[in-house]
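Colleague: Just need the whole structure built from these sequences, with the hints factored in.
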Amino acid sequence: MAEKKTFEMEYSKVDTERMRLNVGPQHPSTHGVLRLEVELDGEIVTEVVPHMGYLHRCFEKHCEAMTYPQCIPYIDRLDYISSMNNEWPYVMGVEKLMGIEVPERVEYIRVIMAELNRIANHQIAVATFGLDAGAFTPFLYYFRDREEILAILEKASGGRLLYNYFWVGGLAADVHPTFKQECLDVIKHIRATNAEVTNLLIYNKIFIDRTANVGILPADVAINFGCSGPVLRGSGFPLDLRRAEPYSIYDRFDFNVVVGKGEVGTLGDCWDRNIVRMGEMEESCKIIEQAIAQMPDTGDVQEKLPKKIRIPKSEILSRAESPKGDLGFYIVGNGTDKPERLRCRATSFINLSVLPEISKGYMIADLILILGSIDIVLGEVDR
Amino acid sequence: MGLLNKLDDPFEGGGVLLGTVEDVLNWGRSKSDWYLHFGLACCAIEFMAMNASHFDFMRFGTIPRTSPRQADFIMITGTVTLKMAERIKILWEQMAEPKYCMSIGSCSNSGGPYWEHGYHVLKGVDRIIPVDVYVPGCPPRPEAMQEGMVKLQKMISEQAIFNKRKRMAEIDKQNEIK
Amino acid sequence: MQTEKIFDTLTKKFGNDVTPILEAAPSEPFILVKADKIYDVCLFLRDNSELDFDYMMCLTGVHQKPDLGVVYHLYSIKHKHKIVLKTFVSIDAPNVPTVERIWRSADWHEREAWDMYGINFEGHHNLIRILCPYDWEGFPLRKDYVTPEEYHGMRVPY
Chain A
10 MAEKKTFEME
20 YSKVDTERMR
30 LNVGPQHPST
40 HGVLRLEVEL
50 DGEIVTEVVP
60 HMGYLHRCFE
70 KHCEAMTYPQ
80 CIPYIDRLDY
90 ISSMNNEWPY
100 VMGVEKLMGI
110 EVPERVEYIR
120 VIMAELNRIA
130 NHQIAVATFG
140 LDAGAFTPFL
150 YYFRDREEIL
160 AILEKASGGR
170 LLYNYFWVGG
180 LAADVHPTFK
190 QECLDVIKHI
200 RATNAEVTNL
210 LIYNKIFIDR
220 TANVGILPAD
230 VAINFGCSGP
240 VLRGSGFPLD
250 LRRAEPYSIY
260 DRFDFNVVVG
270 KGEVGTLGDC
280 WDRNIVRMGE
290 MEESCKIIEQ
300 AIAQMPDTGD
310 VQEKLPKKIR
320 IPKSEILSRA
330 ESPKGDLGFY
340 IVGNGTDKPE
350 RLRCRATSFI
360 NLSVLPEISK
370 GYMIADLILI
380 LGSIDIVLGE
390 VDR
Chain L
23 MGLLNKLDDP
33 FEGGGVLLGT
43 VEDVLNWGRS
53 KSDWYLHFGL
63 ACCAIEFMAM
73 NASHFDFMRF
83 GTIPRTSPRQ
93 ADFIMITGTV
103 TLKMAERIKI
113 LWEQMAEPKY
123 CMSIGSCSNS
133 GGPYWEHGYH
143 VLKGVDRIIP
153 VDVYVPGCPP
163 RPEAMQEGMV
173 KLQKMISEQA
183 IFNKRKRMAE
193 IDKQNEIK
Chain H
89 MQTEKIFDTL
99 TKKFGNDVTP
109 ILEAAPSEPF
119 ILVKADKIYD
129 VCLFLRDNSE
139 LDFDYMMCLT
149 GVHQKPDLGV
159 VYHLYSIKHK
169 HKIVLKTFVS
179 IDAPNVPTVE
189 RIWRSADWHE
199 REAWDMYGIN
209 FEGHHNLIRI
219 LCPYDWEGFP
229 LRKDYVTPEE
239 YHGMRVPY
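Chains as they are written, first to last, in the working numbering: chain A, 10 to 392; chain L, 23 to 200; chain H, 89 to 246.
Each hint should be verified, as a subset may be incorrect.
[Unchecked claim] Derived CB-CB ranges, DEER-like:
1. A/G108 / H/R217: 36 to 42 Å
2. H/N136 / A/G108: 31 to 37 Å
3. A/G167 / L/W49: 36 to 42 Å
4. L/W56 / A/T55: 33 to 39 Å
5. A/N213 / H/E225: 48 to 54 Å
6. A/P37 / H/D232: 38 to 44 Å
7. H/N136 / A/E48: 35 to 41 Å
[As the list claims (entries may be wrong)] Which bits of chain A does chain H cover? Going by a derived footprint, with three or more residues having C-beta under 8 Å, they are:
8. 196 to 203
9. 340 to 353
Calculated from the structure, these hints are not laboratory results.
Just so you know, even glycine gets a beta-carbon here, dropped at the ideal spot from N, CA and C.
Modeller: And the structure:
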């Protein structure tokens, strides 16, 4: 009995000091080489300090020494999951500064490629988010389907992951003859898998319990932090550049801007951000179908350009809707064939800055989910 | 004699295999290499694709481990920056011998596209840790990574285990003389 | 609101501290602000109900020889209009007031501008390096930057 008594006395004197824990940079669930310094009160997160730069590859320094077409491969390597979407705002900005218009067929092919890549990106995002929550099966399903999308992109561009396909004034090469049919085939498979995953993962009770009411981000906070893409739309704010400022030919298509509705929990939680990505895959399928129906069968894919691309002394912030959100390139020309300054308004970088704000007060296991629901790519965060 | 019977009893009536202990050990080692789960950059996405359903990396007997203490080899998949290089060195030193390193992609082989102006990029991971297999490509296809795995397995299965300490002692002696 | 109208509102309020510069398309027109007034201008732009710039798209450091500069791209979600602010400071005393308290997104952008160009944002709560290591020397994106020979015993050039 005496022993038990001492134990109880010691138990009442349990130390409650806060602990600082280091997550990353080598950690499977930080989606790359992000390092989080977490302050914990028991299991509750009280403070998160992200440390970045473990993949800082000096993109902006390189671009100042490269000609305009040579910059495109480096831009591919920013957000390496959706390279086509990365190239687009850059080539669009250069084309605007040079004052050239691309042929209509090019615009359609660009839309189809970008939307296919958006689907591939969201597949990885949902798959790894499931992985963070403990669901392995959707990961296998989605990577099976993703290979089909990559096969189409590879046939057109020659690369599986990094394409260098959108060139200034057009495309690197024309698409292959069976392109349209292959796109329609892959859409069927995407829809089938999405239906399966919706049943298996999204409306699974365990998954809802893990993700609903976790990491709530109100829309006004999201705007103040400059968030965009599914992170902002998950909070119920319908800002989509494809609809707000239609670039290219997006005004010709009929699609919905998917927003979170707080269906199973509070508006702006992890589940909402995830369901936005699921919805956007379906909308992308719709856009691809319409684009394939409208696309002209023949035509040039490269506008005639001067031998050296020179940009006069001018500047532009060219933006487009990448899968992560509003991606922009601030291009400053100085009359030579190399940019004076090229800066990427990196979406993941800005979306990640909201993490310390929304993860306070949740369990450390939820922190991983919140990070997964923001969907960052470290190549873009660190550049 | 069908195939199934043969599977049940591969050496009919109980057979004898002749070989060295080294061969048996190397055969076991080369067919069950566990690797450190470690993604750095673009190559890590291809690496994920290789782990997933379509390419199925686990049929090589490789299992991802999240701790360096349990891993047999490390895959450097992507650009090694100066900030990360110190971490990689720590991870490498935490791994237990025998350990191997596979450098995947041009960036970790030689700096890749970032060789010229990359003030913050390490031009090749072999500047800090020894590399056994180099896989070129930017990023390499999953098939190329699997080819690298086959090369690593071949390398391991031909290694001399028992004379290793003796040889290393000789090398150390030579270094001391220098 | 039209860009000219925004410029008029600003010049009426701030007088000589702001200089609108209209450039021919496709280059965007911008407004040049004196460095020490940037906080007041930004606060006015956000809080005026007609302007209502609630979304900071981008904050960029630039090095246009010989001066360092900061470029602010602002956007109003409600009114759907944009504006570009620019400010230039000398490279010897690159001090710009922080706008971190106006838009939270400016926090990391300003840290990046400090990291890359050495622009000192006065009043920023945590102005430390963000991409380069904390003990890095020099500001890499300045035009006269020379790549170091060695970092922590590792050779840097190819």
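Colleague: Each hint needs a verdict: does it hold in this structure or not?
Modeller: To see whether the hints hold, each was checked on the structure:
In this structure the supplied range 36 to 42 Å holds for A/G108 paired with H/R217, their Cβ-Cβ distance being about 39 Å. At about 34 Å, the beta-carbon gap between H/N136 and A/G108 stays in the expected band of 31 to 37 Å. Taken as a hint, the range 36 to 42 Å holds for the pair A/G167 and L/W49, whose Cβ atoms sit roughly 39 Å apart. For the pair L/W56 and A/T55, the beta carbons lie near 36 Å from each other, so the given range of 33 to 39 Å is met.
A hinted range of 48 to 54 Å for the beta carbons of A/N213 and H/E225 is consistent with their spacing of about 52 Å. At roughly 41 Å, the beta-carbon separation of A/P37 and H/D232 lies within the given 38 to 44 Å, and the hint holds. Our hint of 35 to 41 Å for H/N136 and A/E48 holds, since their Cβ atoms are close to 39 Å apart. Requiring three or more residues with a Cβ within less than 8 Å of a Cβ of chain H, the coverage given for the region 196 to 203 of chain A is violated, as only 0 such residues are present.
Counting residues of the region 340 to 353 of chain A whose beta carbon lies closer than 8 Å to any beta carbon of chain H gives 4, which reaches the threshold of three, so the coverage claim holds.
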